[in-house]
Amino acid sequence: MLIQEIIFYAFSIIMIVAATLVISVRNPVYSVLYLILTFFSAAALWILLGAEFLAIILVLVYVGAVMVLFLFVLMMLNVDLSRVNEGFVKNLPLGLLVAAIMLAEILVVLWYKGRTGIEDFPIPEPLSADYSNTAEIGQRLFTQYLWPFELAGIVLLVAIVAAIALTMRKREGVKTQSIPKQVQADKRDRVKLIDMPVEGVEDK
Amino acid sequence: MDMILEFAWLLIRIVLFTFLPLILLVAYYTYAERRVLGAMQSRIGPNRVGPIGLFQPFADVIKLLLKEIILPANANRFLFFIAPVLAIGPAFAVWAVVPMGEGMVWANLDAGVIYILAVGSIGVYGIILAGWASNSKYALLGAMRAAAQMVSYEIALGFSLVGVLVLAGSLNLSAIVHAQAGGMADWYWLPLLPLFIIFIISGLAETNRAPFDVAEGESEIVAGFHVEYSGATFAVFFLAEYANMILIAALTAIFFFGGWLSPFEGWTFLGDSWLREPSIFWMLGKLAFFMFNFLWFRATFPRYRYDQIMRLGWKVFIPICMVWVLVAAVMVFTGLVVRGA
Numbered sequence: 002m003l004i005q006e007i008i009f010y011a012f013s014i015i016m017i018v019a020a021t022l023v024i025s026v027r028n029p030v031y032s033v034l035y036l037i038l039t040f041f042s043a044a045a046l047w048i049l050l051g052a053e054f055l056a057i058i059l060v061l062v063y064v065g066a067v068m069v070l071f072l073f074v075l076m077m078l079n080v081d082l083s084r085v086n087e088g089f090v091k092n093l094p095l096g097l098l099v100a101a102i103m104l105a106e107i108l109v110v111l112w113y114k115g116r117t118g119i120e121d122f123p124i125p126e127p128l129s130a131d132y133s134n135t136a137e138i139g140q141r142l143f144t145q146y147l148w149p150f151e152l153a154g155i156v157l158l159v160a161i162v163a164a165i166a167l168t169m170r171k172r173e174g175v176k177t178q179s180i181p182k183q184v185q186a187d188k189r190d191r192v193k194l195i196d197m198p199v200e201g202v203e204d205k
Numbered sequence: 337m338d339m340i341l342e343f344a345w346l347l348i349r350i351v352l353f354t355f356l357p358l359i360l361l362v363a364y365y366t367y368a369e370r371r372v373l374g375a376m377q378s379r380i381g382p383n384r385v386g387p388i389g390l391f392q393p394f395a396d397v398i399k400l401l402l403k404e405i406i407l408p409a410n411a412n413r414f415l416f417f418i419a420p421v422l423a424i425g426p427a428f429a430v431w432a433v434v435p436m437g438e439g440m441v442w443a444n445l446d447a448g449v450i451y452i453l454a455v456g457s458i459g460v461y462g463i464i465l466a467g468w469a470s471n472s473k474y475a476l477l478g479a480m481r482a483a484a485q486m487v488s489y490e491i492a493l494g495f496s497l498v499g500v501l502v503l504a505g506s507l508n509l510s511a512i513v514h515a516q517a518g519g520m521a522d523w524y525w526l527p528l529l530p531l532f533i534i535f536i537i538s539g540l541a542e543t544n545r546a547p548f549d550v551a552e553g554e555s556e557i558v559a560g561f562h563v564e565y566s567g568a569t570f571a572v573f574f575l576a577e578y579a580n581m582i583l584i585a586a587l588t589a590i591f592f593f594g595g596w597l598s599p600f601e602g603w604t605f606l607g608d609s610w611l612r613e614p615s616i617f618w619m620l621g622k623l624a625f626f627m628f629n630f631l632w633f634r635a636t637f638p639r640y641r642y643d644q645i646m647r648l649g650w651k652v653f654i655p656i657c658m659v660w661v662l663v664a665a666v667m668v669f670t671g672l673v674v675r676g677a
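Protein chains in written order, with the working numbering: chain A, 2 to 205; chain B, 337 to 677.
Just chain A, same shape as in the assembly (with noise of 0.2 Å):
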């Protein structure tokens, strides 16, 4: 398929030059869109796969939350742009090793299973037309992988908690809004209608 091929290529282009970019270029809003760019890539060539579903997911999760957060904060803090890229040089090996160490990792991973030749990995079978990768993911998380599932919603859940509880302090004399006090504020208690008669006009 000559036009898959061409898709395939051109989305991975971009994906490998976006994400070049976003360690390169200076300006960090920049190096945020370069992200994204990267993760709609990735989910373009998911529904190439016929993963439809994590590639929306993906789109929804990364594109739609997460990195509008990162460009809030970023927006947020102001960034001094000319002291961004000054760690480079310096950060470099460590970084490098990180890079080298994850490599490695996913070649252990890939010798472990013996797919080391190209071979070992088709083109993947054309899906007919009737499949829908939506409902399949859904009889697999519910059916099989069940326990390993609710496991991750419970981690999941102990993270937001976490998270939650890190930022609750108290501190003496914050004032802050009593809202059920102020869902409660009634009319009657704050507004008194008072008759008086009206100024000059002579009775009759």
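Please note that the accuracy of each hint is not assured.
Okay, derived cross-link-like pairs now, PhoX-like style, lysine-lysine, Cα gap no bigger than 25 Å in a straight line [claimed, not checked]:
{"hint": "1", "chain 1": "A", "residue 1": "K171", "chain 2": "A", "residue 2": "K188"}
{"hint": "2", "chain 1": "B", "residue 1": "K651", "chain 2": "A", "residue 2": "K176"}
{"hint": "3", "chain 1": "A", "residue 1": "K182", "chain 2": "B", "residue 2": "K473"}
{"hint": "4", "chain 1": "A", "residue 1": "K193", "chain 2": "A", "residue 2": "K182"}
{"hint": "5", "chain 1": "B", "residue 1": "K473", "chain 2": "B", "residue 2": "K403"}
{"hint": "6", "chain 1": "B", "residue 1": "K399", "chain 2": "A", "residue 2": "K171"}
These are calculated hints, taken from the structure and not from any lab test.
Given chain A, work out where chain B should sit, using these hints.
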């Protein structure tokens, strides 16, 4: 060659059946808004251009297109001009999966609901980047408000749909409409009444409409994120906002009011009347009703305070959604509501 022709033909059909009607609808929606608000506030509204002011939208468009586009000093030129495009693109792309009638949909996606949520969530970038690239404090404040508000209410909006998914058993919008067959009492607004109300209110907040329009808040931050935009660029933001309102109205009709199904489906005494048949007219009627609601709310309610908006979304709507999803599950389990295919 055949493929290019086919592609061009598809493009022409999309423009004819979705793009142009949508733009015309937006144009007359703005006119309707001004007339309806006028009537509700004992004014007349625009009535000079053409008979009863019917050509007013065209006059507005021509005015906006002919105005000069001003680039603020020290603005980020590229992002300043890409922002309106990022706002309008998703607003139109979402319509690919929205069915207006039986089979009247461009892409009958099985993951339609999450496609809408995903593409809809991209629209917020247009607003954030517009606010940041303008290099203006009012624009930045408006963008910050809009971003936090839209991300928060996306959760309530998506969560309120989980109940619909539980009852319909599908992420496909056409299948959700089919699952509601049977008549007015079978539509999901009744078993999911709290979720329906949450969806409507979250829809208002998601489109930054009154009473949740603090992103524009003209009394505090002038016009919010688009304060520096003029002429055609402003028109594009305007178009995106109204297209999103129409989308929320259409989605309300599809998810909770049976889409193109007839409200009189079970009324056998009507005979073989067209009134009992599902048709696009029912869809358009419901769409018009929910579009009118947006205007009605705007004329009725005073603007919410920002912290109260956030509290309402996070501390009221999301807990209610969680509870009602369970209630919906119980309804399906006990057979109170028959689950769709």
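Verification of the hints:
1. A/K171 / A/K188: Since the Cα atoms of A/K171 and A/K188 sit roughly 32 Å apart, the hinted pair is violated (cutoff 25 Å).
2. B/K651 / A/K176: At roughly 21 Å apart (the allowed maximum being 25 Å), A/K176 and B/K651 satisfy the hint.
3. A/K182 / B/K473: violated, 33 Å
4. A/K193 / A/K182: Status holds; Cα separation ~19 Å.
5. B/K473 / B/K403: Since the Cα atoms of B/K473 and B/K403 sit roughly 24 Å apart, the hinted pair holds (cutoff 25 Å).
6. B/K399 / A/K171: Roughly 55 Å separates the two Cα atoms, so the pair is violated.
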